[in-house]
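These protein sequences, in sequence, are chains A and B. Going by my numbering, the residue at position 174 of the first sequence is 174; the numbering climbs one at a time, nothing skipped. Going by my numbering, the residue at position 610 of the second sequence is 610; the numbering climbs one at a time, nothing skipped.
A couple of the hints might just be wrong.
Since the list can't tell identical chains apart, any single copy or any two copies may satisfy a pair.
Stated by the list, open to error - 25 angstroms max Cα-Cα, derived SDA-like pairs, lysine to any residue: (1) Lys580 x Arg218; (2) Lys553 x Pro153; (3) Lys360 x Ile400; (4) Lys617 x Arg68; (5) Lys195 x Gly540; (6) Lys195 x Leu393; (7) Lys407 x Thr316; (8) Lys99 x Trp525; (9) Lys318 x Ala412; (10) Lys490 x Ala193; (11) Lys580 x Ala412; (12) Lys318 x Arg397; (13) Lys195 x Thr168; (14) Lys226 x Glu523; (15) Lys580 x Asp317; (16) Lys503 x Asp94; (17) Lys166 x Gly371; (18) Lys318 x Trp525; (19) Lys360 x Glu385; (20) Lys318 x His401; (21) Lys99 x Leu186; (22) Lys99 x Glu523; (23) Lys149 x Asp475.
Hints listed in this document are in silico derivations from the structure and should not be mistaken for laboratory results.
Protein chains: 2
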Amino acid sequence: MIKIATAQIDVIPGNIRENWKQIEQEIQAAKEQKARILLLPEMCLTGYLIGDLWDQNAFLRECESYNRKIAAASRGMTILWGSCAVDWSKTNDDGRPRKYNAAFAASDGKFLCPSGTDRPYTIKTLLPDYRCFDDRRYFTSLIQYAAEKGTSPEQEISPFLLPAGKETLCAGVLLCEDSWDENYSLSPMSILAEKQVSLFLNLSASPFTLGKNEKRHRMLGASLSKLHIPMLYVNQRGLQNNGKTCYTFDGMTAAYDEEGTLRAEAQPFHEGLSFFTFDPESRKLESLAPMPPYTGNMLLPALQYGVRKFLSSIHTDKVVIGVSGGIDSAVNAALYRSVLPPENLLLVNTPTRFNSEMTKTLARDLADRLGTPYVTVPIGSFIDETASVLEGLPAGRSTIHLTGFMKENMQARDRSSRILAALSSAFGGIFTCNANKTEMTVGYSTLYGDLAGALAATADLWKYQVYELGRLLNDYFGKEMIPEGIFTVKPSAELSENQDITKGLGDPLIYEYHDYLLKSFVEPWQRLTPEDILSFYAEGTLEEHLGCRVKVKDVFPTASDFIGDLERWWNLFAGFAVAKRIQSPPLIAVSRRPFGYDLRESQVSPYYTDRYRELKKQLCGRS
Amino acid sequence: MIKIATAQIDVIPGNIRENWKQIEQEIQAAKEQKARILLLPEMCLTGYLIGDLWDQNAFLRECESYNRKIAAASRGMTILWGSCAVDWSKTNDDGRPRKYNAAFAASDGKFLCPSGTDRPYTIKTLLPDYRCFDDRRYFTSLIQYAAEKGTSPEQEISPFLLPAGKETLCAGVLLCEDSWDENYSLSPMSILAEKQVSLFLNLSASPFTLGKNEKRHRMLGASLSKLHIPMLYVNQRGLQNNGKTCYTFDGMTAAYDEEGTLRAEAQPFHEGLSFFTFDPESRKLESLAPMPPYTGNMLLPALQYGVRKFLSSIHTDKVVIGVSGGIDSAVNAALYRSVLPPENLLLVNTPTRFNSEMTKTLARDLADRLGTPYVTVPIGSFIDETASVLEGLPAGRSTIHLTGFMKENMQARDRSSRILAALSSAFGGIFTCNANKTEMTVGYSTLYGDLAGALAATADLWKYQVYELGRLLNDYFGKEMIPEGIFTVKPSAELSENQDITKGLGDPLIYEYHDYLLKSFVEPWQRLTPEDILSFYAEGTLEEHLGCRVKVKDVFPTASDFIGDLERWWNLFAGFAVAKRIQSPPLIAVSRRPFGYDLRESQVSPYYTDRYRELKKQLCGRS
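So that you can see chain A by itself, here it is in the shape it has in the complex (with noise of 0.2 angstroms):
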């Protein structure tokens, strides 16, 4: 029987001496605890989302210098982490040190090396290079690796004899992808299922997103129950970005017995050591402690854990918010809320002759219940001053005259630029964004103006997910800290008369369809185009394609209303909105196809096939 110890720590992307620190102390405690084998998890001491941080040999030398470093403290046990090796003797294909993404074991003070090999370290099989991965651009694959030495992935790979007290553990180590392996055309767990493994151990460094996990507990219940050889698995906590895109790491440790069922899990977020153990002989991996398998809604926790970790990040603990009265703006109020101290906020309206009272008095109601500061900053007068002073200035053959439409997008960046920025540097913090993914896809914002900010903790959420996650947060609170009133006022951004609540005007999204026909523009594994929908349209099976309850033909009577409304947003979203989203705030990533680093996108022009315009023709009935 081994006892083994998972530490699902909390890595600090960048900071090695930092994350050594933690691993130290887990190191200790483990000891203490009489664990004979600690696992932590991959890249544990750089951090996985570094970007090009892997240019810098500084950083390279470092990060071996505290492999060393593990590999010292590993007295009297043993240790498995992933980290990055380096061999300084040959060169990747961009002509930089070769790296390699990797997994290190010690014992007793000493390196091993993977049973046959006399390399101190395995090789990580599968490199992920789509969604915001980039492993490819960094690291060499033990493909190439065999590929360059003449041998083949099969004699290369090799599990680990992991000493654990009396007894040894067989144990076929394998880091993050290599388990995910249905797409590639060599699995790594299938080979080392061969070579008398008794026990997987998975290090990731996986970013979370939303059914991601139970995706992972239906892929290795699939094929463990095949090899029939249990798994633990040990990920990353804690938050890394792209830049543009943040990602939580959910440190979600999970045990699967041999039939590929999931038996154990971590909290979600959670922090310190959890303890199994393991015999060799009946392969049986169990908890000591009770750790049932987690079945909660992961979106609040998820977004929470985020914020705090963003704010930590940057030293900062204050955050002004304009609230508008409508949904959005309130959701990332009680957000924040949720994970600072009330006086930490300052909640911002700033009204022109176009709010209404409705949404100027449910502003007010939300900070008393939140119990937050507030303030009142009407910017009317500033946007008349403004625009007496520009209307009418000479410009070369024209003069300067601001439409209605130019005055809206003004109030929204008087909002942000001028009366946020400023005050949340004198309150010594940070202003949000409010913004959701259906106006992001569309570009409905207005850069320097709503859609300015230091974070957009909700832009990853469709709008059907900003009131879910609205009723989450009362739900957490415990009472209605967010007024009903604010779920059921019409979507609206009271910048003109022509978006006048009172009278029943407001946003020109339909988002009962829109966001379903959005996500299909970005979500799928298979990305839709106009050319998709436009069929799917014809053949009257749109609805069940983009899952939408509302009917297609209930929205839009007619197929040329139908057309005209999906090349409206078309062209919005591959078009102006790229442009917006390229100087947007970064976000939180919680779906599968977060904007940013995840979906790479270039300025061009909308473009539509000669099918779909085929399509268009017979529909409409002309050209």
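For this one, chain A is given, so just place chain B on it according to the hints.
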């Protein structure tokens, strides 16, 4: 003797139909000139930098359909072109349809297969996955193709036998990186050289950066002279982007003889066909018209082309430029003026009491010389009014107080987000961001202020290059469009009394030193960190490593001074400046490492290695 045409077409990214129209015209023109073979660049239908458009299956089908159109148009001649090949029966490692970056050949309406294969295209072998390149994200390489098939790259890399009237050309067809084989373990050119190839044809989509063509001439000079095979090279023309980073493509078709000497070269950004003759017997490759290799400075032509193309891609030709009387805004104004008529520009000066008479006069003088409309919009009273509204507002336990530093940022935001944004929409165009790379590197700029704008044309130029570009522009105009006073005035943001140029005050950057220090953080292939910098400083070789002319000792009398300055800028570069760059506008790339998609960055904390801390201790004599 075979007549060959090359078409360095202006590829519009993502617009297959428009690119086909150009290709069709070039085919017609090549036929009229009786060329036997026509070469088109890599990815000539789709463009190369198109982000994740490759996820759209409708786009892939459209691409296949237009590949067939090109093949059908090859009646009476042979056409060779780069495009995407899809094998719907297989998947990439990401589970999406299998895609190859491929070269197709067709003659008399029929696709050709490389000699000895039954595959109607050749597959790119070397897939770059560094800098701005993501080939492995989208495409499967010939190396993987061969491995899956159980053959070898040596077997699969095969020449095309291209019909050319009564003759046949045994051509080694390469796609861009296939010829940049320095750091790869495999050389497609060497493999082809063993297969009776008499001419290399390289189809490229190679983004322009300063010095890159010279590097190509050196590199191909070395490899071709060894193989004794000449090469004809054709590159895309146009402007493509990866969101943040816009690259020009120079379309500089080039002919190298069998000694590897550059014999003929198209002018940069030059439209139209180039014609060559090739004798397979003597291997003599000659241009029909004289095409002397280009020897000019590419900086100005590249930026002019980039600005022109960017504006046309977003369908505007009106530009508002905030001008301060300093060098950055003046150079931007002159740059835009060099591609637009004067009435399409609106120059705007937005002074406060901190702006000197000298710079205000210089700004007006600049507009006079450029002949553009010019308006002055003082902003001081607005700043004061905003301050008086916000000052003293209750904010929980504290009250709002605006410091001088906060008011500096308010000025910057007021200029861009209030004045320039509104004016540009009324003027019917965009406003520019006039940032340079030195500022960008350390975030010496204000978000939603001077860092705002639709395009940052000079943001990849170090401050010394901005001055250089100013001189080039005055040469281009043949007169002093940018007044001499702008070159000599002290650089200053003029946002407070501490930046009063009449008292010799200004920017905190010592450009003669910091330009080079900051460049070393960003541009070397092995990027420098404080550890490297401090080692060089300690051994007295820093100036040499940085390439700067000032003596470090003259700038910083003591090691403490030096280290204080180093850490100040490193903390900004690796810290808050990253947050600013996440929300900065797109730029035009000219350097070997532009910000944005080329240098991928995460928001992490600035880090100092242990070795740095030891060195610091030694130099300062304390911990």
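Item to check | Alpha-carbon proximity context of Lys553 and Pro153, limit 25 angstroms | outcome: neither (55 angstroms within a copy, 55 angstroms between copies)
Checklist entry - Given a CA cutoff of 25 angstroms, do Lys195 and Gly540 count as a within-copy pair, a between-copy pair, both, or neither? => result The answer is neither: 53 angstroms in one copy and 56 angstroms across copies each exceed 25 angstroms.
Next on the checklist: As a check of your reading, is Lys360 near Glu385 (CA-CA no more than 25 angstroms) within one copy, between copies, both or neither?
Outcome noted: both (23 angstroms within a copy, 24 angstroms between copies)
Checklist entry - With identical chains treated as interchangeable, where does the CA-CA distance between Lys360 and Ile400 reach 25 angstroms or less: within a copy, between copies, both, or neither? => result Close across copies (22 angstroms), not inside one copy (33 angstroms); limit 25 angstroms.
Checklist entry - Can you tell me if Lys580 and Asp317 fall within 25 angstroms by alpha carbon in one copy, between copies, both or neither? => result For Lys580 and Asp317, the Cα distance is within 25 angstroms only across copies (19 angstroms; inside one copy 28 angstroms).
Checklist entry - Under a CA distance limit of 25 angstroms, which applies to Lys617 and Arg68: within one copy, between copies, both, or neither? => result Cα proximity of Lys617 and Arg68: across copies only (23 angstroms, versus 68 angstroms in one copy).
Checklist entry - Between copies, within a copy, both or neither: which fits Lys580 and Arg218 at Cα up to 25 angstroms? => result Neither, since 38 angstroms and 41 angstroms both go past 25 angstroms.
Checklist entry - Using 25 angstroms as the alpha-carbon threshold, which applies to Lys503 and Asp94: within, between, both, or neither? => result neither (61 angstroms within a copy, 50 angstroms between copies)
Checklist entry - Is it within, between, both, or neither for Lys166 and Gly371, if the alpha carbons may be no more than 25 angstroms apart? => result neither (60 angstroms within a copy, 88 angstroms between copies)
Checklist entry - When no copy is specified for Lys195 and Leu393, does a C-alpha distance of 25 angstroms or less occur within a copy, between copies, both, or neither? => result The answer is neither: 80 angstroms in one copy and 71 angstroms across copies each exceed 25 angstroms.
Next on the checklist: At most 25 angstroms between CA atoms: does that hold for Lys318 and His401 within a copy, between copies, both, or neither?
Outcome noted: For Lys318 and His401, only the inter-copy Cα distance (15 angstroms) is at most 25 angstroms; the intra-copy one is 40 angstroms.
Checklist entry - Using 25 angstroms as the alpha-carbon threshold, which applies to Lys149 and Asp475: within, between, both, or neither? => result So Lys149 and Asp475 fail the 25 angstroms test inside a copy (59 angstroms) and across (57 angstroms) alike.
Comparing the model with each numbered hint stated earlier shows that hints 1, 2, 5, 6, 10, 14, 16, 17, 18, 23 do not hold.
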